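J.: Heads up: the protein sequence lines correspond to chains X, F, D and U, in order. The first sequence begins at 0 in numbering that gives the first Met the number 0 and counts up one residue at a time. The second sequence begins at 0 in numbering that gives the first Met the number 0 and counts up one residue at a time. The third sequence begins at 0 in numbering that gives the first Met the number 0 and counts up one residue at a time. The fourth sequence begins at 0 in numbering that gives the first Met the number 0 and counts up one residue at a time.
None of these hints come from the bench; they were simulated from the model. Remember, predicted model here, so these are calculated numbers, not experimental data. Errors might be hidden in some of the hints.
Distance condition first, Cα-Cα at most 27 Å in a straight line; then the derived DSSO-like pairs of lysine-lysine [unchecked claim]:
hint: 1; chain 1: U; residue 1: Lys6; chain 2: X; residue 2: Lys85
hint: 2; chain 1: F; residue 1: Lys125; chain 2: X; residue 2: Lys35
hint: 3; chain 1: F; residue 1: Lys125; chain 2: F; residue 2: Lys62
Here are the simulated distance ranges between beta carbons [unchecked claim]:
hint: 4; chain 1: U; residue 1: Met124; chain 2: F; residue 2: Gln187; range: 17 to 25 Å
hint: 5; chain 1: F; residue 1: Gly511; chain 2: X; residue 2: Pro64; range: 25 to 33 Å
hint: 6; chain 1: U; residue 1: Met220; chain 2: F; residue 2: Ile467; range: 39 to 47 Å
The following residues of chain F were derived to be distant from chain U, with all beta-carbon distances above 12 Å [unchecked claim]:
hint: 7; residue: Thr99
hint: 8; residue: Lys125
hint: 9; residue: Gln284
hint: 10; residue: Cys453
hint: 11; residue: Thr455
Ideal Cβ placement from N, Cα and C applies to all residues, glycine included.
Here is how the chains run, residue by residue.
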Amino acid sequence: MDTIDKIAVYCCENSGLLAAGPVTDRKILDSIEIMKLPCSGKTEMGLILKTLEKGYAGVMIVGCPKDNCQFIRGSHRASKRVDSAKEMLAAIGLDPGRVRMEFLSSVDSHKFVKAVTEMWESLKIATS
Amino acid sequence: MSADKDKTGVVLCNCGGRNFKKEEIKSLQTRLQFSSGENLFIQSDALCTKEGAASLKETMSKKGIKKLVFAGCTAKKSGETASFIAEKCRIAPSNILEVTVPAATPEGEKDSPFGMKEELIRSVVKGINKHIGILEGMETFATKKVPLHQGVLVVGGGSAAQAAADVLTGRGYSPILLEKEDELLSLQGQVGSFTATLSTGGGVKQADCGAVILASGFSREKDAWTSVTSRFASPHLVPLSKLADAAAELPRIPSGRSVGIVLDLDVDEGKASSETACRTALQLQRQDGLQVYLFCRDIRVGSLPLEELYDDARDRGVVIVKYENQIRISGTNGTTLLSCTDAVLGNPIQVACDLAGISLYGVAAGGDTRLSEITGVDLDSLGRLQGNNIHLFATGTNIPGIFVAGGCRGNVYPPEAEREGRAAAGEVDLLLSQKELKVELSEAKVDADKCALCLTCIRACPHNAMKINREESVAVSVPEVCQRCGICAGECPAKAITLPAYTDDILLAQLG
Amino acid sequence: MNGIKSGSNLEKVFAAGKFAVTAELGPPKCADVEVIRKKAAFLKGNCDAVNITDNQTAIVRMSSIAAGFLAMQEGLEPVIQITCRDRNRIAIQSDILGASAMGLKNILALSGDHQNFGNHVTCKNVYDMDSIQLLQTMKTMRDDKTFINGEEIKNSKKDEPVEPKIFIGAAANPFGDPFEFRVIRLAKKVKAGADFIQTQCIYDMERFEEWMKQVRERGLHKEVKIMAGLTPLKSVGMAKYMRDSVAGLSVPDSYIQRLAKVAEKDKKAVAAEGIDICVEQIHRLMDIEGVAGIHLMAIEWEHRVQEIMEKAELLPRPAV
Amino acid sequence: MITAVQKPFDEIYEMIQGYKKILVLGCGTCVTVCMAGGEKEVGVLASAIRLANGKNGIEMDIAEDTIERQCDREFFDDVKDKIEEADAVLSLACGVGVQFSSEVFEGKRILPGLNTKFYGTTLEMGVWSERCAGCGDCVLETFGGICPVARCSKSLLNGPCGGSQDGKCEVDPENIDCAWQLIYDRMKSLDLLDRLEINEPVKDWSTGRDGGPGKIIREDMTL
């Protein structure tokens with residue numbers, strides 16, 4: 000399996016994508032692959048695992064704040080999918096920290112950067 | 000679903016030559032990747048003008064381009080220029096993707112505002128190429144027009160409903176006002192073409208309408224009171240609305256009587272409660288020998304008449320206690336004990352009253368489940384119509400074409416309820432005055448061969464966009480209701496549902 | 000109801016119009032006869048018959064028939080409990096014949112605690128029949144000399160066949176839900192063939208009296224001997240456990256307060272207070288019309304049974 | 000429908016060890032509806048196996064497919080080649096489908112990926128509940144449409160045991176309703192309580208599992 004030293008970040012276009020927009024830090028931008036989703040609720044466990052299969056270091060799903068999802072319950076659904084994916088990774092013997100869910104509003108650019116940074120740190124600890 | 004053969008183009012908005020230098024354009028041009036067809040590279044000036052759009056439209060039709068990557072311009076809000084182009088050039092909105100080209104030169108170097116470094120060019124090229132890939136994997140969407148029935152159903156007989164009906168009438172609509180003794184039995188169809196079954200004085204009838212306003216008032220009184228009596232054993236409690244009458248019945252004694260008013264029992268209440276509480280307190284305090292204690296977590300007096308009422312009550316001797324967290328109510332035969340912690344001083348307070356009135360608006364209790372079941376409109380955690388979601392405020396709901404106002408969504412303060420009624424009417428007018436909805440046919444698609452009709456999508460859709468197609472025994476999404484969130488596709492256990500602009504192929508291809 | 004059905008001591012005590020007393024003996028979780036002998040010694044002479052439990056709470060113990068036979072050798076009259084959990088209709092009918100052949104004269108039918116509560120939670124249960132069908136089976140075997148399949152009980156030789164002569168018991172829980180069904184269920188048990196009933200242990204006397212009222216309204220107390228179940232409270236902890244953790248048991252706060260008050264002064268005196276409560280209950284139960292006896296379930300407290308019976312002035316037991 | 004849940008991943012993974020080519024085969028009917036073995040679950044499980052193989056350095060070829068039903072021969076036509084190519088098939092069908100796959104493809108190792116649970120209904124999204132025990136002699140008429148055989152923990156036919164409390168079964172008060180409380184309430188609302196006073200005789204279990212493996216032969220329908 001090829002490894003890709005990147006985190007695939009699936010962003011809800013109403014929140015995560017807008018939060019990621021103003022990010023200019025090249026180190027952050029080069030360490031992620033931003034993928035647009037209409038809503039985090041579109042997330043499937045299969046997509047998360049397939050992304051990891053492709054060799055990505057991690058998968059982050061960024062949706063709206065849980066109770067204020069643009070599509071009412073998308074963030075709730077996504078967070079359940081992420082939990083299932085974590086359970087599956089644990090069952091496989093992989094680091095469940097390779098999947099992460101963030102709930103951000105469209106202006107949370109600093110939180111976006113923080114989340115990516117934190118995830119990288121935890122991934123590095125897990126592999127060291 | 001395989002992508003069609005329509006060509007994908009790229010347009011760079013150069014804003015009158017201000018965004019890209021010649022050599023930059025050239026550099027970009029050579030690095031763009033198209034999987035098929037001739038390399039399409041269009042540059043254009045001032046795309047946000049009518050003229051610019053018209054010339055782009057011409058080029059596109061000449062080259063047979065139906066899908067477009069648009070790059071450039073940080074001048075306008077994200078997506079604004081893209082949707083302008085989509086409209087003017089007749090591209091389905093999903094078929095135009097935008098790549099932002101961030102300003103590369105530090106501020107202050109005004110002469111070359113967008114001089115691009117190699118690093119930036121690389122990132123722009125990467126962005127454009129990624130979007131070409133997405134569009135090449137995406138079908139070209141057609142649009143359809145859905146007529147909007149001009150009828151409006153307003154459910155409710157109170158001031159919010161009346162205000163909504165008045166506004167609608169004023170704007171030339173003929174709303175059906177469903178008053179208290181009438182009943183909404185069922186609601187079929189969707190935005191633009193609802194069919195309501197109504198029980199009115201004249202019997203059961205059906206009415207067509209394009210939109211619905213739910214303004215049915217506060218329906219939880221009975222449930223709320225049951226909740227209060229089940230929690231507190233004191234025999235000397237009444238709903239706040241009945242406090243004045245009950246207090247009048249109290250036999251007078253020389254040492255005087257005391258009466259308590261409790262607001263915010265489970266949740267903080269609004270101005271309507273403040274007004275009722277202050278008015279009742281004032282009225283009782285004026286009676287001989289009655290001392291009134293008003294308990295609240297916060298009093299909302301954000302309007303002049305309310306402020307005056309509040310001041311008046313205090314001047315007349317009403318004691319107002321702001322409490323923290325929960326208030327405890329216990330009772331013996333003679334009195335009701337109200338105990339709490341003072342929010343300001345932090346000390347415990349206990350007041351013995353002969354009678355206490357509980358405001359029911361602040362009590363968590365069963366909600367308007369019937370209306371929710373009929374319409375599909377979510378209830379919030381307190382059982383009020385309209386889910387607890389910022390995107391729905393003030394008058395929207397999870398169901399396109401259905402709006403809420405007033406008491407049923409928790410606002411019982413008449414001036415505000417009326418304002419909401421008018422606002423909901425405005426929303427309806429904004430919708431229906433279009434006469435028809437232009438709908439891009441990019442809604443969730445169900446593969447009939449795979450669909451097991453397990454109903455998961457129907458249960459999961461937040462907008463009631465998924466229906467059962469009984470003839471074909473398959474689930475189907477209604478394009479004008481579907482919000483393209485893809486939750487159904489995310490849930491479908493048969494992988495029968497795809498959101499055409501976000502198929503697995505499109506998503507996975509981006510990952511390389 | 001005139002003819003004697005089994006000739007058991009319990010049956011005769013009832014027939015003589017005496018207030019009957021049964022106790023309980025749980026077989027050991029081993030093959031040691033001594034355990035039974037010891038427990039039997041405490042109970043002998045202090046009651047009219049002794050229930051031998053059948054793998055109670057779904058925990059494996061010595062078989063109730065074997066333990067009952069051993070107890071009988073020690074001079075007790077056993078009431079053999081049979082649950083529907085572990086045996087199908089073939090095994091149960093076979094055991095009824097066997098028990099009767101060994102001289103065991105009382106059998107009490109139970110649904111049985113679900114295996115989920117026991118020490119073999121992964122086992123398969125049987126429930127081929129329920130307790131009411133088991134009562135019917137026993138009655139059919141005894142009165143009609145036929146098995147539940149309609150076949151006659153036959154002797155392989157030309158001799159007269161010997162049917163099981165048993166005094167048939169059933170349990171009743173006046174505190175389970177749905178409350179209104181409880182009397183219906185009792186009536187069904189009586190119809191199915193129960194000669195006597197032992198109830199779940201009683202603490203909530205008001206609810207029991209309410210149930211007895213319903214029993215009398217249907218005239219069931221005249222058709223069946225009802226024995227009120229009692230379990231003395233050994234400690235405050237036990238009382239609270241019974242109140243909080245045993246489905247359907249409500250232990251009144253007044254009892255718990257009484258025990259707690261005594262416990263404050265002298266921990267050792269709590270048991271005596273528990274016995275006093277139990278004795279008070281017995282006296283109150285004896286006054287209720289239709290209560291024909293008590294069933295004393297002194298769990299691991301067999302040695303205090305005599306004291307309770309003495310204080311309740313129920314000794315000596317009638318010789319019938 | 001027949002309900003099932005996926006086996007723990009460990010168990011599945013151990014089962015497939017030693018095979019070089021695995022086909023994960025889903026079933027598009029009951030187990031799709033109960034979200035245990037449809038095309039989505041096939042994809043998830045196949046991905047999980049690949050990830051595990053990557054971690055453990057195991058070479059294994061994982062193919063995926065889902066057919067309409069694994070309990071009918073004709074539906075296998077589309078995946079015949081794939082099954083024949085595989086060393087083993089990990090079937091995400093109920094026990095019926097797994098066995099029938101084995102019958103259709105004799106000599107092929109067919110492994111069960113699911114634990115088949117019961118005949119049940121979807122109470123709400125993600126919640127399934129048992130309703131029928133397939134006893135072969137329906138008694139629902141007697142009990143107001145609520146089956147004590149399937150829904151009473153002890154299959155009692157003559158009323159509730161002592162463990163019925165507040166409408167719940169003592170075996171698991173959180174999750175199991177007392178069937179007899181439901182029966183009582185229903186019969187009361189139908190004004191049929193007197194029917195519950197009748198003593199139900201022992202049930203004939205021979206019509207179901209206890210009569211040996213079931214077989215239905217409709218002479219009028221056989222070709």
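J.: None of the hints should be skipped; say for each whether it holds.
T.: Hints and how they fare:
1. With a C-alpha separation of about 17 Å, the suggested pair Lys6/U and Lys85/X falls inside the 27 Å cut-off, and the hint holds.
2. Taking the CA atoms of Lys125/F and Lys35/X, the gap is near 15 Å; set against the 27 Å cutoff, the hint holds.
3. Pair hint Lys125/F plus Lys62/F holds up; C-alpha atoms about 24 Å apart against a cutoff of 27 Å.
4. Restraint check, Met124/U to Gln187/F: a C-beta distance of roughly 23 Å satisfies the suggested window 17 to 25 Å.
5. The hinted range of 25 to 33 Å is satisfied by Gly511/F and Pro64/X, whose Cβ atoms lie roughly 31 Å apart.
6. Met220/U and Ile467/F have their C-beta atoms about 30 Å apart, which leaves the hinted 39 to 47 Å range violated.
7. Remark: the non-interface label on Thr99/F is consistent with the geometry, its nearest Cβ contact in chain U lying 33 Å away (cut-off 12 Å).
8. For Lys125/F, the shortest C-beta to C-beta distance to chain U comes to about 27 Å, beyond the 12 Å cut-off, and the non-interface label holds.
9. Distance to chain U confirms Gln284/F as a non-interface residue, since its nearest Cβ pair spans about 46 Å, more than 12 Å.
10. Listed as a non-interface residue, Cys453/F fails to keep its Cβ farther than 12 Å from every Cβ of chain U; the least gap is roughly 4 Å.
11. Not every CB of chain U is more than 12 Å from the CB of Thr455/F (nearest about 6 Å), against its label as outside the interface.
Violated hints for the displayed structure, listed by number in ascending order: 6, 10, 11.
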